[in-house]
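Quick mapping for you: the protein sequence lines, in order, are chains A and B.
Just so we're aligned, residue 1 is where the first sequence starts under my numbering, counting upward by one.
Just so we're aligned, residue 1 is where the second sequence starts under my numbering, counting upward by one.
Fair warning: there could be bad hints in the mix.
Distance ranges between label pairs, derived from CB positions [what the hints assert, rightly or not]:
{"id": "1", "chain 1": "A", "residue 1": "Ser2", "chain 2": "B", "residue 2": "Met23", "range": "31 to 39 Å"}
{"id": "2", "chain 1": "A", "residue 1": "Leu75", "chain 2": "B", "residue 2": "Ser46", "range": "45 to 53 Å"}
{"id": "3", "chain 1": "A", "residue 1": "Phe5", "chain 2": "B", "residue 2": "Phe160", "range": "44 to 52 Å"}
{"id": "4", "chain 1": "B", "residue 1": "Gly131", "chain 2": "A", "residue 2": "Ala88", "range": "52 to 60 Å"}
Partial list, derived from the structure: chain A residues whose beta carbon lies under 10 Å from chain B [unchecked claim]:
{"id": "5", "residue": "Thr15"}
{"id": "6", "residue": "Leu48"}
{"id": "7", "residue": "Thr50"}
{"id": "8", "residue": "Val52"}
{"id": "9", "residue": "Glu55"}
{"id": "10", "residue": "Pro61"}
{"id": "11", "residue": "Ala71"}
Just so you know, these hints were derived from the structure itself, not from any lab.
Glycine is no exception: its CB is placed at the ideal position from the N, C-alpha and C atoms.
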Amino acid sequence: MSTTFWIIIAGAIATYLTRIGGHLVISRFDNIHPRVEAGLNAVPAAVLTTLVAPELLNAGPAEWAALVVTAVVSLRGGLMSMFLAGAAVLIVARQFFG
Amino acid sequence: MATDVISESGGRSDFWQGVRLSMPVVVASAPFAVLFGALAVDNGFSVLEAFLMSALVFGGASQMVGIQLFGQHVAPWLIVLSIFAVNFRHVLYSAGIGRRIAHWPVISQALGYFILTDPQYAVAEARAQSGQTVGFAWYLGLGLPVYVFWVIESALGAVFGKLIPDTHALGIDFLLPIYFLGLVLGFRKRPLWLPVVVASACASIIAYKTVGSPWHVSIGAIAGVLLAVILPPHHSGVETRP
């Protein structure tokens, strides 16, 4: 088997360890402390923010417009309408701003 | 195993309810799956290898990082480490979702953790928070279409990659941030949401500038979570929750 194959296998094992590891560690405790629970509740916002924030460094008018529209639509719409509105604005704006 | 769970009362409708919820994720991830396939072949992968990576790793950002490093002929152990680092946030997901799926049979749980991606965690967690049970049938309905389409579209991208027109004009490179922003905003009613977002945003940007990618993901996430842990519990609303 090629090196690429083994990289994929090792990457898959490493990924599965991350997907089950947090549970294996935390399930050893009977009671979850309120502070730990507060930390767990913060996980989605904390992680997903890191996937967006650094992108702002390279963003221009088109990207800004898309993100602003996504935020505005979020006040009323669901995830799908948010995403489609943001994507549509991005594609249109890029025709003008590059 | 799976049939037992699905045959529970309401299991079938639960499954299809999950499938309906998976559709935005299927649509949003499609461009990335195709793009991954195309870039993988461009970086020296065979079509089979691109297909295999999507089927076994099933983590878009980490796959992109992996093939990028592969194209630069980085040492194999460093590629694996980078995949691990990009996916390290899943440790937090599995720690969080474990509370919601502990009632499943062990094999179902093992499978559930395999398909635990960003949107899978976000949607399942939102359901649990609304007071509904996260059943295996519902969870599988949510995750299975995303997985199947991801793997098929990766292979299609690998085969037809050279046919993709100007990806910049089509905005493909920025669809992921838009989608993740949508997910972040979906959690805005949580206690401590704004401080956590601000802390994670600042930490990840600083880490991106100093330590570099992909570590900004783990560093930014830890900053936001630590803030929630350090602030007094009554601020987070945990103690007042029924």
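Hint numbers contradicted by this structure: 3, 4, 10
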